[in-house]
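Enquirer: Protein chains in written order, with my numbering: chain X, 1 to 313; chain L, 314 to 628.
Rather than coming from a laboratory, the hints here were simulated on the basis of the structure.
Don't be surprised by glycine CBs; every beta carbon is placed ideally from N, CA and C.
A couple of the hints might just be wrong.
[To be verified] Simulated DEER-style distance windows between Cβ atoms:
| hint | chain 1 | residue 1 | chain 2 | residue 2 | range |
| --- | --- | --- | --- | --- | --- |
| 1 | X | G213 | L | E516 | 48 to 56 Å |
| 2 | L | Y366 | X | L307 | 45 to 53 Å |
| 3 | X | L307 | L | Y446 | 24 to 32 Å |
| 4 | L | F386 | X | N259 | 18 to 26 Å |
[Stated by the list, open to error] SDA-like cross-link-like pairs, simulated, lysine to any residue; straight-line CA separation at most 25 Å:
| hint | chain 1 | residue 1 | chain 2 | residue 2 |
| --- | --- | --- | --- | --- |
| 5 | X | K229 | X | V260 |
| 6 | X | K229 | L | P464 |
| 7 | L | K478 | X | G305 |
| 8 | L | K478 | X | V47 |
[Said to hold, decoys possible] Far from chain X by the CB rule (all over 10 Å, computed), these chain L residues:
| hint | residue |
| --- | --- |
| 9 | F406 |
| 10 | Q409 |
| 11 | I412 |
| 12 | L422 |
| 13 | V426 |
| 14 | P485 |
| 15 | R519 |
| 16 | E525 |
| 17 | A538 |
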Amino acid sequence: MATAATVPPSADPAARSRRGTGLKRRQAIAAYCFVAPFFLVFLSMLVMPLFYSGFLSFFREQLVGGTVFTGVGNYVRALQDEVFLGGVLRMVRFLVIQVPIMLGLALVFALALDSGRLRLHRFIRLSIFVPYAVPGVIAALMWGYLYGPDFGPFGQGARAIGLPTPQFLSSEWMLGSIMNIVTWSFVGYNMIILYAALRSMPTELYEAARVDGAGEFRVAWSIKIPAIKPALLLTTIFSVIGTFQLFNEPNLLRILAPNVIGVGYTPNLYAYNLAFINQEINYAAAIAFLLGFVIMIVSYVVQLGALRRERRS
Amino acid sequence: MTSQPLAARPGAGILPGASSITDEPSRRKGKRRPVGGRRSTVLTIALIACAAYFLLPLVWLVIASTKSNSDLFSTFGLWFADFHLLENVQDVFTFQSGIYASWLRNTILYAVVSGVGAAALATAAGYAFAKLYFPGGNALFAIVLGAIMVPLTALAVPTYLLFSKVGLTDTPWAIILPSLVSPFGVYLMRVYAAGAIPDSLLEAARVDGASEARIFFSVVLRLLAPGFVTVLLFALVATWNNYFLPLIMLNSPEYFPLTVGLAQWQATSAAGSGSQALFSMVITGSLVSIIPLVVAFLFLQRYWQSGLATGGVKH
Numbered sequence: 001m002a003t004a005a006t007v008p009p010s011a012d013p014a015a016r017s018r019r020g021t022g023l024k025r026r027q028a029i030a031a032y033c034f035v036a037p038f039f040l041v042f043l044s045m046l047v048m049p050l051f052y053s054g055f056l057s058f059f060r061e062q063l064v065g066g067t068v069f070t071g072v073g074n075y076v077r078a079l080q081d082e083v084f085l086g087g088v089l090r091m092v093r094f095l096v097i098q099v100p101i102m103l104g105l106a107l108v109f110a111l112a113l114d115s116g117r118l119r120l121h122r123f124i125r126l127s128i129f130v131p132y133a134v135p136g137v138i139a140a141l142m143w144g145y146l147y148g149p150d151f152g153p154f155g156q157g158a159r160a161i162g163l164p165t166p167q168f169l170s171s172e173w174m175l176g177s178i179m180n181i182v183t184w185s186f187v188g189y190n191m192i193i194l195y196a197a198l199r200s201m202p203t204e205l206y207e208a209a210r211v212d213g214a215g216e217f218r219v220a221w222s223i224k225i226p227a228i229k230p231a232l233l234l235t236t237i238f239s240v241i242g243t244f245q246l247f248n249e250p251n252l253l254r255i256l257a258p259n260v261i262g263v264g265y266t267p268n269l270y271a272y273n274l275a276f277i278n279q280e281i282n283y284a285a286a287i288a289f290l291l292g293f294v295i296m297i298v299s300y301v302v303q304l305g306a307l308r309r310e311r312r313s
Numbered sequence: 314m315t316s317q318p319l320a321a322r323p324g325a326g327i328l329p330g331a332s333s334i335t336d337e338p339s340r341r342k343g344k345r346r347p348v349g350g351r352r353s354t355v356l357t358i359a360l361i362a363c364a365a366y367f368l369l370p371l372v373w374l375v376i377a378s379t380k381s382n383s384d385l386f387s388t389f390g391l392w393f394a395d396f397h398l399l400e401n402v403q404d405v406f407t408f409q410s411g412i413y414a415s416w417l418r419n420t421i422l423y424a425v426v427s428g429v430g431a432a433a434l435a436t437a438a439g440y441a442f443a444k445l446y447f448p449g450g451n452a453l454f455a456i457v458l459g460a461i462m463v464p465l466t467a468l469a470v471p472t473y474l475l476f477s478k479v480g481l482t483d484t485p486w487a488i489i490l491p492s493l494v495s496p497f498g499v500y501l502m503r504v505y506a507a508g509a510i511p512d513s514l515l516e517a518a519r520v521d522g523a524s525e526a527r528i529f530f531s532v533v534l535r536l537l538a539p540g541f542v543t544v545l546l547f548a549l550v551a552t553w554n555n556y557f558l559p560l561i562m563l564n565s566p567e568y569f570p571l572t573v574g575l576a577q578w579q580a581t582s583a584a585g586s587g588s589q590a591l592f593s594m595v596i597t598g599s600l601v602s603i604i605p606l607v608v609a610f611l612f613l614q615r616y617w618q619s620g621l622a623t624g625g626v627k628h
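Next up, chain X with everything else stripped away, as it sits in the complex (with noise of 0.2 Å):
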């Protein structure tokens, strides 16, 4: 494309075809040099693991007889395992609820950001942001001390004008409680992708619909949100994949919560589990290979979904 351009002007038209091959070539062999480190890590890395887990995932562990090999066996029984589907389901409920609430408070913040109505806009949008840069571990450490029934402060107001104790880690409440640690993570994230989005779009866009008299309603609604859909689809298969991929959180809170936490309660730390504890790394290589074709096929479902209300409207 740009090579075509690079030949200086030349009055012999061969030798400018010789020299043109000349420099592409270079320059692809130059491409090249710089896309092979990437390319042997990612090799390594990533497609390698990738196919290893797929391979395993055919394999089954007998206790006599040694590893043989078992077809979509494993499959088949991570499709009728209960622990398995309960999880994915699990994590199907976590998405309806968790991400719209998250994607939306964000949207809200990224919008009243932008309106420019604010006071102390700096503050607001720092506060917001800043447990991005606490790791989900401490967050999940932070607020199981805060749910917890002893020294958590909810628990001491409760209990201070004479309420029951609110009982965050109960079975009841535990998805709640893990929804609302993610929320708090990951909306300033979010909130700052669509503040980018909304930053960088050509103010023109809406400063005649102002003039025309339309209210910072009417101009966020049918003309800020239409235009960051790009960024809007983003953020939802970035927390698609995030939700699916749940770990950190669960894996603390068991440490408090052990009942109501089961070795199965997100499909990746069952995982983990099936791994690490119970040692049928074949299985849980089936596992996690039917974990990531699930988040595929959410993501892509999402993206359709996201094309198809473009092209209606």
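Position chain L against the provided structure of chain X, taking the given hints into account.
Expert: Relative to chain X, chain L alone:
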């Protein structure tokens, strides 16, 4: 598509490393205030209430880390008791013959080495994808894009098995090597390089007879520096926050990063049995562990912001 005009404007969030830094404040003051002029007190109060929700756990963490272990249980969580912070910090750094300091060192080492490595690999590859023509380039880039979707935790188990075959588990390499791969970093750098490097500059350098390597090292790298820092920052945070991978790979506490070490302290203290004093240490240790990143984020704001703009605008 509504996004088309945005994507087509190279100045809009794609060139930002340079522009949005200076752009941000000037735009807000110069262009927006006259239009949306009236500041809303109601909106401000509503958002401050929301900001309080995000700050509350951190405020609690700061307060709790100034308390002795018994005061944690006997005083209200959101107000100070006797000031015990220095003793707590001392406990954190001396417990188990100062292993916390090793965890801190390990975390910094893993995060910096993988961050710099990942950013360097992504910069070279992203530049080649954006600015050099080579057969198969588009197909390779499509593969990289597809890999963004691969759930990285699904790779942890097979990577562990492969590493144990070559004796890499329970070494720092087990954390650093997998963290060098950043498909999203390559994507960001490609978008960034496409906007930041004018073709005419490359052409001029080629006409002058400079080799592609020389062009890269003496011209391109300087222009890509803001993008490099952005990818570095993201890779660094990802490794700093990583828990799953080190949990699987490492057995020896002297190699643990902070996340795994603190989780282990937490498990010990929750199990109770005479080690109650650990609670205040886990809390103070958590506070100490988040300070470096929070400070880094405050000072390097413009980089993560421009990076997220690049990723979000051009999808």
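Enquirer: Look at each hint and say if it fits the structure.
Expert: Each hint, compared with the structure:
no.: 1; hint: G213(X) / E516(L): 48 to 56 Å; verdict: holds, 50 Å
no.: 2; hint: Y366(L) / L307(X): 45 to 53 Å; verdict: violated, 35 Å
no.: 3; hint: L307(X) / Y446(L): 24 to 32 Å; verdict: holds, 30 Å
no.: 4; hint: F386(L) / N259(X): 18 to 26 Å; verdict: holds, 23 Å
no.: 5; hint: K229(X) / V260(X); verdict: violated, 39 Å
no.: 6; hint: K229(X) / P464(L); verdict: holds, 24 Å
no.: 7; hint: K478(L) / G305(X); verdict: violated, 44 Å
no.: 8; hint: K478(L) / V47(X); verdict: holds, 17 Å
no.: 9; hint: F406; verdict: holds, 18 Å
no.: 10; hint: Q409; verdict: holds, 18 Å
no.: 11; hint: I412; verdict: holds, 17 Å
no.: 12; hint: L422; verdict: holds, 16 Å
no.: 13; hint: V426; verdict: holds, 13 Å
no.: 14; hint: P485; verdict: holds, 15 Å
no.: 15; hint: R519; verdict: violated, 5 Å
no.: 16; hint: E525; verdict: violated, 3 Å
no.: 17; hint: A538; verdict: holds, 17 Å
Violated hints, listed in ascending order, are 2, 5, 7, 15, 16; each of the other numbered hints is respected by the structure.
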